[in-house]
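Student: Protein chains in written order, with my numbering: chain A, 30 to 364; chain B, 19 to 186.
The hints are simulated quantities; they were obtained by calculation from the structure and are not laboratory data. Only a predicted model underlies this, so the values are computations on that prediction, with no experimental measurement involved. Don't take each hint at face value.
[Said to hold, decoys possible] Chain B side only, calculated, beta carbon under 8 Å to chain A, not exhaustive:
id, residue
1, 32
2, 35
3, 57
4, 60
5, 117
6, 125
7, 136
8, 144
9, 160
10, 161
11, 163
12, 170
13, 171
14, 174
[To be verified] Not close to chain A: a few residues of chain B, all C-beta gaps over 10 Å, as computed:
id, residue
15, 56
16, 62
17, 152
18, 153
Where a beta carbon is used, it is the ideal one built from N, C-alpha and C, also for glycine.
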Amino acid sequence: MTQPDEGLIHAWLDGELPPDEAARVEQLVANDAAWAAAAAEARGLIAASARILSALDEVPAQVIPDRPSVAAAQPRRLPWWTRAAAAVIVVAGGSVLVLQRSEAPSLPAPQVADTARTPSASSPVPAEAKQEATTPSTPVVSPSSRARTATADAASSEKSQPTPAPAVAPPPAGAPATVAPSAVAPSAVAEKLAAPIAQATVPTAAPVREAVPMMRTTGGAPAPRAELANTPAQPLALRDQEARRAKAASDVSVMGGVVAAPVMPACFVVRDAATPAGDSVVMHQVRLTGDTVFLASREAEPAVTAWVLRGAGPRPGLRSPMIAIIATPTSCPKP
Amino acid sequence: MSDTERLFTTYHATLVRYLTRRLGDRDWAEEVAQETFVRALRQDHIVNERSWLFAVATNLVRDDARKEARRRRHLELLAAEQRDAHVDAPDVSVARALDAADARRALDTLAERDRQALLLKEEGLDYTEIAEILGVAVGSVGTTLSRARRRLAESFEAQQRARAERRA
């Protein structure tokens, strides 16, 4: 004798069981008192629920003030560049850029973020990591914590270094944040690389937006040019859905990447590899902080902003859901 | 009869009833239903019309698409005709209004998935369609429904009992 299975009985009464299974349940109900009682109860519940629900049909319009809670709205589907969980920005700078690089031996070597952590980059940074990132004196007990400590140290040293003069005026107060220290993915490398940039570029009043493992070029150790050329560039800006929802009011998007471009020209044509050039978005440079170039769209509504890092240029190795971004220097359109 | 009219005639009444039960507001339900049909008309091909319509309507409710749906009025005439044809003028006595309020409160005590499964089943969707819309296994629908029906009945009964005690 088996215990009556309520779900099975309801499925049987709803006519949802295959014939053999229905026959088996029917047999049980006929021969087993417990199953018979359960079936009778189920019949009553089905009838009762139908009757109760029918009472809801006599609802005049606009008379019930309380609406049932519904699940939170799904994040809107955004343009391709904002859907990019991460972006590598490649600048077709050509030989001019290479030349400029060769003429600028002090340009720091790029350091590569841990892109394998991209899928988890949207998850909040553990409180521990945040704490350590802001507490340089944390004892070093493990490689990861060492890295985090190094991040904090790097951040400290970054603060003490003179910041290169911006090419253009900084964005106005309240301009969209790009990355924030607390939002950087808990990758040791990424933290190490991202924190100084974040500290250097995030307006203090701006909300935390992104979890961004990224490439950092400022403050890195110089590297041989050949090594630089072979460095797999994986600068990333990961769109965090929570952050996206939080920034709904401003509706500003952020993406990131590497650009091997010089400061000038101050506008870039930005698109992904699959987008025709005609659909590109012209973004103008609004700020340059160290090797971080901040872009804002001139065309898109709502405005799209991006940050890019001057660094290694095009590299393979994109990982889903990243989208390769091509940012080509261009002359700025007239306002 | 065009595809549009057929789709509308076949599913509008049940969809509005489902949405009204779900939302507790007929105007809102009408708007969401109309938006659902507008979206259906944009589709080249729908494999399972009923399942598709209810899934979209469910998602619209979730997305709170009411504001956008307000602008979709071009099916209003059809909706009015359909409503006149299928919905009798409500006889909202006090007792029935109280029953409706109890039913609403009872329904609101259910978990979201249970509530949706129950409302979809009441509109005649089969277990496969319900499972598809809710994103659950077909085998779990029976259990979900049995739980939902039991809780609805118990909660409704409790509401009525409490009201009777207050009156006494």
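Student: If a hint holds in the structure, say so; if it does not, say that too.
Tutor: Comparing the hints with the structure gives:
no.: 1; hint: 32; in the structure: violated, 11 Å
no.: 2; hint: 35; in the structure: holds, 6 Å
no.: 3; hint: 57; in the structure: violated, 14 Å
no.: 4; hint: 60; in the structure: violated, 15 Å
no.: 5; hint: 117; in the structure: holds, 5 Å
no.: 6; hint: 125; in the structure: holds, 7 Å
no.: 7; hint: 136; in the structure: holds, 6 Å
no.: 8; hint: 144; in the structure: holds, 6 Å
no.: 9; hint: 160; in the structure: holds, 3 Å
no.: 10; hint: 161; in the structure: holds, 3 Å
no.: 11; hint: 163; in the structure: holds, 5 Å
no.: 12; hint: 170; in the structure: holds, 5 Å
no.: 13; hint: 171; in the structure: holds, 4 Å
no.: 14; hint: 174; in the structure: holds, 5 Å
no.: 15; hint: 56; in the structure: holds, 18 Å
no.: 16; hint: 62; in the structure: holds, 20 Å
no.: 17; hint: 152; in the structure: holds, 12 Å
no.: 18; hint: 153; in the structure: holds, 12 Å
When each numbered hint is compared with the structure, violations occur for hints 1, 3 and 4.
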